[in-house]
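Colleague: Dock chain B against chain A, hints included.
Quick note, the sequences are listed as chains A and B, same order.
Using my numbering, the letters of the first sequence map in sequence onto residues 97 to 744.
Using my numbering, the letters of the second sequence map in sequence onto residues 22 to 292.
There could be a bad hint or two in this list.
As the list claims (entries may be wrong) - Sample of chain A residues facing chain B (criterion: CB under 10 Å; computed from the structure):
(1) Glu-142
(2) Ile-184
(3) Val-376
Keep in mind the hints are simulated off the structure, nothing from the lab.
The beta-carbon is built from N, C-alpha and C at its ideal position, and this holds for glycine as well.
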Amino acid sequence: MSEKSKKTKISAPSHQQLRVVIVGHVDHGKSTLIGRLLYDTDSLPEGKYEELQEICKRRGTDALEWSFVLDAFQAERDQAVTIDTTQIWFSTQARDYVIIDAPGHREFLKNMISGAAAADAAILVVDATEGVQEQTRRHAYLLSLLGLQQIGVVINKMDMVGHDPEAFEKVSRDVSAYLKSININPFYIIPISAREGDGIAERGDKMEWYEGKTLVEALDSFEVAGSPVARPLRFPVQDVYRYGEKRIIVGRIETGILRKGDKVLFSPANEEAEVTSIEVWPQDEDKVEAHAGESIGLTLDERIFVERGHIGSHTKNPPMLSNVFRANIFWLSHNPLKIGDSYKVRYGTHEAMVTVQSIDKVIDTEDLGESEKAGEVGRNAVAEVTLRARDLLPVDPYLDNFRLGRLVLYEGYDIAGGGTINMDGYPDQRASAKPKSENIYTVNYLVDQQMRAERNGHYGGVFWFTGLSGAGKSTLAMAVEQALFDKGYHTYVLDGDNVRHGLNADLGFSPEDRTENIRRVGEVAALQADSGLIVVSAFISPYRADRDRARRAAPSHFHEIFVSADLATCEKRDPKGLYKKARAGKIAEFTGIDSPYEAPENPEMVVDTQNNEIDTCVEQIVKYIKVQMKYKKQAANQKGKKEKAIAV
Amino acid sequence: MHDYLDDLEAKSIYIIREAYNRLHPMAMLWSIGKDSTALLWMVRKAFFGRVPFPVVLLDTGMELDEVYDFRDMLIKEWGLDCITHMCPPEEEMDKTLPPATRAAMRKTEGLKTLLTEQQYKGVVLGIRRDEQGLRAKERVFSPRSIDGEWDFKDQPPEFWDQYKTEFPEGAHLRIHPILHWTEVDIWRYIQRENIPCCDLYFARKDEESGKMMRYRSLGEKNITFPVESSASNIVEIIEELETTNTSERAGRSMDKETEDSFEKLRARGYM
Chain A
97 MSEKSKKTKI
107 SAPSHQQLRV
117 VIVGHVDHGK
127 STLIGRLLYD
137 TDSLPEGKYE
147 ELQEICKRRG
157 TDALEWSFVL
167 DAFQAERDQA
177 VTIDTTQIWF
187 STQARDYVII
197 DAPGHREFLK
207 NMISGAAAAD
217 AAILVVDATE
227 GVQEQTRRHA
237 YLLSLLGLQQ
247 IGVVINKMDM
257 VGHDPEAFEK
267 VSRDVSAYLK
277 SININPFYII
287 PISAREGDGI
297 AERGDKMEWY
307 EGKTLVEALD
317 SFEVAGSPVA
327 RPLRFPVQDV
337 YRYGEKRIIV
347 GRIETGILRK
357 GDKVLFSPAN
367 EEAEVTSIEV
377 WPQDEDKVEA
387 HAGESIGLTL
397 DERIFVERGH
407 IGSHTKNPPM
417 LSNVFRANIF
427 WLSHNPLKIG
437 DSYKVRYGTH
447 EAMVTVQSID
457 KVIDTEDLGE
467 SEKAGEVGRN
477 AVAEVTLRAR
487 DLLPVDPYLD
497 NFRLGRLVLY
507 EGYDIAGGGT
517 INMDGYPDQR
527 ASAKPKSENI
537 YTVNYLVDQQ
547 MRAERNGHYG
557 GVFWFTGLSG
567 AGKSTLAMAV
577 EQALFDKGYH
587 TYVLDGDNVR
597 HGLNADLGFS
607 PEDRTENIRR
617 VGEVAALQAD
627 SGLIVVSAFI
637 SPYRADRDRA
647 RRAAPSHFHE
657 IFVSADLATC
667 EKRDPKGLYK
677 KARAGKIAEF
687 TGIDSPYEAP
697 ENPEMVVDTQ
707 NNEIDTCVEQ
717 IVKYIKVQMK
727 YKKQAANQKG
737 KKEKAIAV
Chain B
22 MHDYLDDLEA
32 KSIYIIREAY
42 NRLHPMAMLW
52 SIGKDSTALL
62 WMVRKAFFGR
72 VPFPVVLLDT
82 GMELDEVYDF
92 RDMLIKEWGL
102 DCITHMCPPE
112 EEMDKTLPPA
122 TRAAMRKTEG
132 LKTLLTEQQY
142 KGVVLGIRRD
152 EQGLRAKERV
162 FSPRSIDGEW
172 DFKDQPPEFW
182 DQYKTEFPEG
192 AHLRIHPILH
202 WTEVDIWRYI
212 QRENIPCCDL
222 YFARKDEESG
232 KMMRYRSLGE
242 KNITFPVESS
252 ASNIVEIIEE
262 LETTNTSERA
272 GRSMDKETED
282 SFEKLRARGY
292 M
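Extracted from the complex, chain A is given alone in its bound form (with noise of 0.2 Å):
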């Protein structure tokens, strides 16, 4: 090595990188830049610019192709477009980076994502000439998406524009405008040449109107994320290994900390016990303690069913148990996700196949338009969907765990988007039923249901109305059991508001509220028809799954009848004028508008109140509930002789 080329690199001495993603439009110049900065911090392998320079000659480009240095495919240098994500290393006198160059070519959005999902900080890399284009702004959104916070934004090609600060100032405010609208808030929008080399490692003397940091200055500035241990501890299980006797339990911890003697409980098998020893090789008995980001192992006092996929948590803050959650996402297969179509989704470990629920928003990057109920999301487009999944998944919303809190979906073999999820509106279904003491019996009755119908001439059976705020559910109610009990039916309601005045008091409407009092109403419902009543409930009961758990309160004799109107009509009915006050905001959380409703999927009977005048309703549901109900005295007779002849 030559004593000319040998430079003195300072790297600080944690050796603690940052990594950068680079991102903007295609030809905006972001491989071009980071050629640039490559060059002006010394870190061009020796050899690499006379390569660039010969390389550029036989092509027969004047100008030096800084992007060269990157774009490594033939494929690259041919059509000069990057294809693919690369990173490549480089120090400053402050410390060592990885700089991640990012593809702004629409058609390579996931190896943009690839590169960008990595990353600690971001620069966003803008045409002076152009200004803010398509990609920019998808760029900017999936950055927000991805959870960057640390983001800069250069104006570039400022040569191209005479370095007029009246250019840098009119694409900055768009740009500006732009980001805060998603709510980007950059740290930094510096004018630069990268060919020239203006602004990055120098500010040069063209633009001595700007005042502000060089790109190297700003990269300087940006911090390197720490460990998250402050977080709940999450230890999703990768793999379990038998050596012999001991069985270890292999995984990384994503946050929090894990200390030896720690209680852990593994979702969603529900079980827990205690860490006896944080394993690592080579054996090290001091190992008490392991902090998100490290990989390891650990046994347990007892052998408690664990599998991969199962997540390690303390008791106090475990990961929710949900069957249903949504998620904010960006799809990338060539295929639209659809409603009712199936994939499975991957989050740490843990996979499941989930059936997308529906589509609430699909976001236009371009206009931030939204548009609700859409049918699919397309190739590279972002939206909001809600995903249902057949058994209880450990979910933690993203902004609790950013960790586990992002998805990803696989269509077959292949990622075909990812995303972050949302609990909003929707209830942690872990506070289970089982009863809180183990010494519970059940008594059997002398009386039975038969017996029951027999006196009363029909059986008991619960008929839960579910539907929005407005569908008609309870006026449906009340003139059904008028026109039932008239004919001699043993009959109650059951009423939303009516219930909150006594036996739930002491709920409110938060998603744990509404799991709880649906679940209180399901169980008296399911008693009053074992006492032989026709009991109709009529209730917004908007989850899926406390309807569900009614049904299982009851399980021989419940029906399930949606009252059916769309929000439009409901809101314009608004008999209570809710739907006023929760457009207002004085009421939060209200079903339909910023709460989900889960249509059922396959109600026993769907009345359509919209479209039908109400005693045509009623009619329907009392022919239904006559049916049903009806004595079948034939049958009672022979059981009742039976029991009768061995009593006798």
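Modeller: Frame of chain A, contents of chain B only:
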């Protein structure tokens, strides 16, 4: 004190365990060089001292003698299940390729015959992004078609440590657990963990020229050459790397024969 090497290592161990969970059967390519030996050390960490799959040397018979000696020593010391797989001879390689590229093709072809014989679903490799521009664009789990081809124009998305681990019958995955490490990271790690490495990396006097020379990167003796250096121990190597701008693969002839010779090699399945 928290050491950044812990983060790099934890990520590598996570990837190794992920591959082991998803892919059966699998193997690891061990070139006996510093990178794959450091990687092998991390495999032992991942499985608490064990190496639960075979390690394979794609042998051309052209490795340096010291490399073979080092291999035999480590097999014994670490109790490795090592397969030495002979690569097809150079005469069978594509004659249109430049000479060094053609010699390097032998390993590619050797890997193909290995995969045909052993039906591995996953092959773990110790390549790093900072070695070369094309490797910088690699994925951690990188799918290969049946004949080993790399479709670099359409690589799967890969983010948030979620990988593509399933693929059609007949294809295989290359797993790159140390893709995110740099050359100097590897040396700092070898120093910290006290991992054995081949003497050829340390400078000694070249008898012909009288200059101090060392290998930065180990390859076959016909296409790899030592570079001038005075670094004769790990501390000096780290010092050298902190200040040099010379490319690690400067001593590898096949990289520079034509503008895209390495790309051609890699597209056809080179490591």
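Colleague: Does the CB of A/Glu-142 sit less than 10 Å away from some CB of chain B?
Modeller: 4 Å, holds
Colleague: Report holds or violated for the interface hint on A/Ile-184, using the least CB-CB distance to chain B and a cut-off of 10 Å.
Modeller: Hint holds; A/Ile-184 Cβ to chain B Cβ min 6 Å, cut 10 Å.
Colleague: Does A/Val-376 pass the interface hint, meaning its C-beta sits closer than 10 Å to a C-beta of chain B?
Modeller: 7 Å, holds
The structure agrees with every numbered hint stated previously.
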